[in-house]
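Enquirer: Sequence:
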Amino acid sequence: MKIIHQDGYSLEESMEFVTIIYSNTLQSIMAIVKGMTQLNIGYGDSAQQVATDCLQQGFPNSVLYLNDLERLVQPGYIPTEQDMLRSRVKTTGIIETQFGLKELNFRMFDVGGQRSERKKWIHCFEGVTCIILIAALSAYDMVLVEDDEVNRMHESLHLFNSICNHRYFIATSIVLFLNKKDVFTEKIKKAHLSMCFPDYDCGLTTADLVVGEQGEFYSPLSSSHNKLCLSEGVY
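Numbering (this note's numbering), first residue to last: 1 to 235.
Simulated from the structure, these hints should not be mistaken for laboratory data.
There could be a bad hint or two in this list.
[To be verified] Cβ pair distances, simulated, as ranges: (1) 20 with 170: 34 to 40 angstroms; (2) 90 with 123: 16 to 22 angstroms; (3) 190 with 5: 35 to 41 angstroms; (4) 190 with 10: 37 to 43 angstroms; (5) 126 with 42: 28 to 34 angstroms; (6) 72 with 98: 27 to 33 angstroms; (7) 7 with 72: 21 to 27 angstroms; (8) 177 with 10: 25 to 31 angstroms.
Note that the coordinates shown come from a computational prediction; the quantities given were computed from them, not determined experimentally.
Yeah, the Cβ is synthetic: ideal placement off N, Cα and C, and Gly gets one too.
All chains, full assembly: derive it from the sequences and hints.
Expert: Rendered as structure tokens:
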């Protein structure tokens, strides 16, 4: 929203992402070392193959950083918009962004989705106009950072259910966006959706077909208030 509606990031703000991007890159290298053992990839394999196979399991955006490492380490490196968009940083607390669209003024609040963060914000939004929940399609075969026994998609479904049926949001419109379709498109060819939903046996490996099926898993969760507003597109 800042890039689209607030003229993007200033040079000073862009430079604040350098530390984040470098940290993401180092975390990715650590993930490679750990993933090589888990995925049985030998150290004699090409570095490119190791990076691709390991990182696609959990850090697909980091492949782009490692493929472009020479540019990132150049003196005077300034992150591009794509570099900043693909960076990962944990949202803590509540971050407000204000912008105008035509004659309307919007106040958007970004909140942390981690379990430890939810208790900080859910009571603050009684009476809000709209809640936008963003869930990653590609997370169906991944686990939470804070609990490696919990599937990320299952956790998103649980959060969606709790928000839809929370007493604070009885009169609130709710919009669900399923994002990271590009990552999902490649992943679904190798990892079946039954990893997340054992009862799913359609055998589909085409992303557009599976997305429709996956979106349906969210629909019954809002039935008690009958207010689901499922986006037509997947972004």
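Enquirer: Return holds or violated for the Cβ distance of residue 190 and residue 5 against the range 35 to 41 angstroms.
Expert: Given a distance of about 37 angstroms, which is inside 35 to 41 angstroms, the answer is holds.
Enquirer: Look at the Cβ atoms of residue 90 and residue 123 and judge whether their distance stays inside 16 to 22 angstroms.
Expert: 21 angstroms, holds
Enquirer: Lying within 25 to 31 angstroms: is that true of the beta-carbon distance residue 177 to residue 10?
Expert: Holds - the Cβ-Cβ distance for residue 177 and residue 10, about 28 angstroms, lies within 25 to 31 angstroms.
Enquirer: Between residue 190 and residue 10, does the beta-carbon spacing fit 37 to 43 angstroms?
Expert: The hinted range 37 to 43 angstroms holds for residue 190 and residue 10, with Cβ atoms some 41 angstroms apart.
Enquirer: So does residue 20 sit 34 to 40 angstroms from residue 170, Cβ to Cβ?
Expert: 38 angstroms, holds
Enquirer: Please check whether residue 7 and residue 72 have a Cβ separation lying inside 21 to 27 angstroms.
Expert: With Cβ atoms ~25 angstroms apart, the hint holds.
Enquirer: The hint says 28 to 34 angstroms between residue 126 and residue 42; measuring C-beta to C-beta, is that right?
Expert: Violated, at about 56 angstroms.
Enquirer: Within 27 to 33 angstroms: is that where the Cβ-Cβ distance between residue 72 and residue 98 falls?
Expert: For residue 98 against residue 72, whose Cβ atoms are near 32 angstroms apart, the range 27 to 33 angstroms holds.
The earlier numbered hint that this structure contradicts is number 5, and it is the only one.
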